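S.K.: Spelled out from the first residue to the last, the chains are:
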Amino acid sequence: MFAQEFMRNALLAGTFVALACGVAGWFIVLRGQVFAGDALSHVAFPGALAAAAAGADQRVGLFAATVAFGAAMGVLGRGALAGRGGGSSGFERADDAAIGIVFMLILGLGVFFLTRFSLSSGGVSGIQAAHTLFGSVFGLSSGEARLAAAVALAAVALTLAAARPLLFASVAPEIASARGVRTRLLGVAFLALLGVIAAEAAQAVGALLLLGLLAAPAAAAHRMARGPFAGIALAGLLAVAATWAGLALAYAIPSLPPSSAIVGIAVSIFYASRLIA
Amino acid sequence: MPADESNPQLVWNLAHDVSQVLEYHFMVNALLAGSVVAVMSGVVGWLMVLRGETFAGHTLSMMAFPGASAAALAGIPAVWGYFAFCGAGALALGGFGGRRRTWSEQSAAIGALQAAALAAGFLFVSLYGGVLGDLESLLFGNLLGVSNGQVIVLGAVALAALALLAGLTRPLLFASVDPDVAAARGVPVRALASTFLLILGLAVAATSQITGVLLVFALLVGPPASAQLITAPPGPSLALTIFLGLLVVWLGLGIAYFSVYPAGFYIATISFAVYAFVRLSARVALQRSRRLPPVRSSPSPPPRGVIA
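From first to last, the protein sequence lines stand for chains A and B. If you're matching positions, the first sequence starts at 1 in my numbering and goes up one per residue. If you're matching positions, the second sequence starts at 1001 in my numbering and goes up one per residue.
Since the hints were made in silico from the structure, they are not lab data. It is possible that part of the hints are untrue.
[Claimed, not checked] With the Cβ distance kept under 10 Å, some of the chain B side facing chain A (calculated, not the full set): (1) A1072; (2) W1103; (3) Q1106; (4) I1110; (5) A1120; (6) A1218; (7) V1221; (8) G1222; (9) S1237; (10) P1262; (11) Y1275.
[As the list claims (entries may be wrong)] Restraint-style ranges between C-beta atoms, simulated for each label pair: (12) E1023/B - P254/A: 47 to 55 Å; (13) V1284/B - G227/A: 45 to 53 Å; (14) R1288/B - S177/A: 24 to 32 Å; (15) A172/A - L1286/B: 48 to 56 Å; (16) F6/A - F1277/B: 44 to 52 Å.
[Said to hold, decoys possible] Residues from chain A that face chain B, not an exhaustive set, calculated with beta carbons under 7 Å: (17) F35; (18) G108; (19) V171; (20) A219; (21) G264; (22) V267.
Since the structure is predicted, the reported quantities are computational estimates derived from the model, not experimental observations. Heads up, the beta-carbon is just placed ideally off N, CA and C, and yes, glycines get one too.
Isolated chain A, as found in the complex:
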C-alpha cells in the first residue's frame, strides 16, 4: 500500500488536514459553530467559480472567498459567532438564521458565476471546470500534498498558540473580556483561520471530508474527554485515525470513495461515543 505514490501523498495530506480539522473542530463544537463551518465548506465553490469567471487564478478566489466569508460571519454574528456559545440563548438562534441568509446569497452568486463562466467559455460547463480544482485525496500530486500538509500544520500551530485565550473566550466570554481578552477579535480571527483550513481542505481532499472531520471526531471527543486539552488531543487523534482507517479501507475496496470511507468511519466513532459515554 505504501509503495504507491498516490497513497503516500494521500496519507501525508490527509493526516495533517485531519489533524487541523480535529483540533479546530474541537473549538468549533465548543463554540456551537458547526453550521458556520459547514457554510464555509460550501463557500469554496462559488469563490473558485467567481475567480474563474473573472479570469483570475481559482486558488486566489477560493482562499479570498472563504477567509472573507469567515471573517464577515464573525463580524456580523451576535451570539455563537461572536463567541457567546455553549448555552441555548436566543442569540444563537438568531445567528442561525443570519448564517442561512448569507449562505443563501453566496450560493445565489455561485449560480450567477456558474452561468457567467459557461457563457464566457463558450458552453464549457462551469461545474466541470471547477471539478478539476476540487480533487480527490487519491488524486494529489506530491507538491499539492506537501502544500496541504504545510497549510494544515500552520493552522494547527496557530490554533494551539491561541488555545488558552480562545478557550477562555469560548467558555466564559464576559469574564474573558473583563480580563482584557479581545473576544470579538479572537472570534473573527478564528473564523478566518477556519476559512483557510476550509479552502485548503476543500481543494485538497474535498469539501465533504471537511465537514465530516470538523464535526464528528470533535463531538465524540467532547463526550469522552473531560479536560479541554485532553479533548483537543483526542479530537485530533480520532480525526487522524479515521483518516488512516478510511484511506486503507478505500485502498482495499476500489469502489469505495476515500472521502465516503473516512467520513463513514468518523461518524461511526461519533455514534459509538454516544453509546459509550
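Let chain A serve as the given structure and place chain B on it in line with the hints.
M.R.: For chain B alone, coordinates are given in the frame of chain A:
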C-alpha cells in the same frame, strides 16, 4: 432562461411585459410552482426560523443528494429518493432532540448526520458508476422546466404540509416559543419537534426539486427571517412572510425571463436584499430610539421580533 426563442425584450410597459411573460406555458408552470413553493416554504420556514432550526433545514435539503443518487442506483424516479431520504433524515434529527441537549451538542450531531448523508451520496454515485443525470439541476434546480405533473404533486404536498401545520398550530407555537413551560403544561414537546422536522423534510424535498438543493434557503429562510424582524405576532408575521415570498419569486422569475442568468440567482439576491434592507432599517430605528431620553431599566437586547 428561454434558450430557443428570440430574445424577449423588456419594453417597460407593465401590461405588455406581463402578457409577454405569460405567453409561454413553461413560464405559467414556473410561476404556479414558484407560488406554491413560496407559500409552503414561507409557512414552514417561519416556524423553522422561530425554532432556530435553520441548520437542520439545510441538512434536510442536503438529503436530496443521497436521495437522488440512491434512486438512480435503484432505478426508481428521483422524487421517491428525495422524499425517502428527507423523511429518514428528519426522523434521525428528531432522535437527537430533547431539551437537555445544548446547542453545541445538537449542531455537532446535525453536522455529523449531514456529513454521513453526503458520504452515502458519494458512495451511491460511485457504485452507480455513471454521471448523475443532472447535477446542475440537482444543485440549482430547474424552475423553468417544471412539468404539469410536478405542479400537481407540489400542490398536493403543500396542501398536506399546511393542513398538518394548521392542525398543530397552537401547541407547536407554544412548544417553539417556550418549550419548558409547554412541557410542564403537558404539551408533548418532543413528539411535536419530530413531527415538525418531518413536515420540514417534506417541504424541503418538494421545494428542492424545483429550486435545487442549494437554493431552498432563498425561500425557506429569507422571507421568514425578514418578516420576524419586522413584526413578532404570528398572524401578521406569517402573512408578511407569504407576501414577501411571493414577491421574491415573482420578481425573480420575471427578471430571469428577460435575462441570461438563472432565476435562482435573482431569487436569492432579492431575498437577501429584502433581509438586508429590513435589518439595516431596524438598526437605524434602534439608533434613533436611543437618542430619545433613555429609559433606565435593565439593558434590553435590540428588538428582534420573537427570536430575541
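S.K.: Does each hint fit the structure? Answer for all of them.
M.R.: Do the hints match the structure? See the list:
1. A1072: Result: violated, 15 Å to nearest chain A Cβ.
2. W1103: holds, 5 Å
3. Q1106: Where the cut-off is 10 Å and the nearest Cβ of chain A is about 8 Å from Q1106/B, the hint holds.
4. I1110: holds, 7 Å
5. A1120: OK, holds: A1120/B within 10 Å of chain A, min 7 Å.
6. A1218: With a minimum Cβ separation of about 5 Å from chain A (threshold 10 Å), the hint on A1218/B holds.
7. V1221: holds, 4 Å
8. G1222: This hint holds: G1222/B lies near chain A, its Cβ roughly 6 Å from the closest one there, short of 10 Å.
9. S1237: violated, 13 Å
10. P1262: Since chain A brings a Cβ to about 5 Å from P1262/B, closer than 10 Å, the hint holds.
11. Y1275: Y1275/B check passes; min Cβ-Cβ to chain A is 5 Å, inside 10 Å.
12. E1023/B - P254/A: 47 to 55 Å: holds, 53 Å
13. V1284/B - G227/A: 45 to 53 Å: About 47 Å separates the Cβ atoms of V1284/B and G227/A, which means 45 to 53 Å holds.
14. R1288/B - S177/A: 24 to 32 Å: holds, 28 Å
15. A172/A - L1286/B: 48 to 56 Å: With Cβ atoms ~28 Å apart, the hint is violated.
16. F6/A - F1277/B: 44 to 52 Å: holds, 51 Å
17. F35: holds, 4 Å
18. G108: Holds, about 3 Å.
19. V171: At 11 Å from the nearest chain B Cβ, V171/A fails the 7 Å test, so the hint is violated.
20. A219: It holds, given that the least Cβ distance between A219/A and chain B is near 4 Å, below 7 Å.
21. G264: holds, 5 Å
22. V267: holds, 4 Å
In the structure shown, a violation is registered for the earlier hints numbered 1, 9, 15 and 19, in ascending order.
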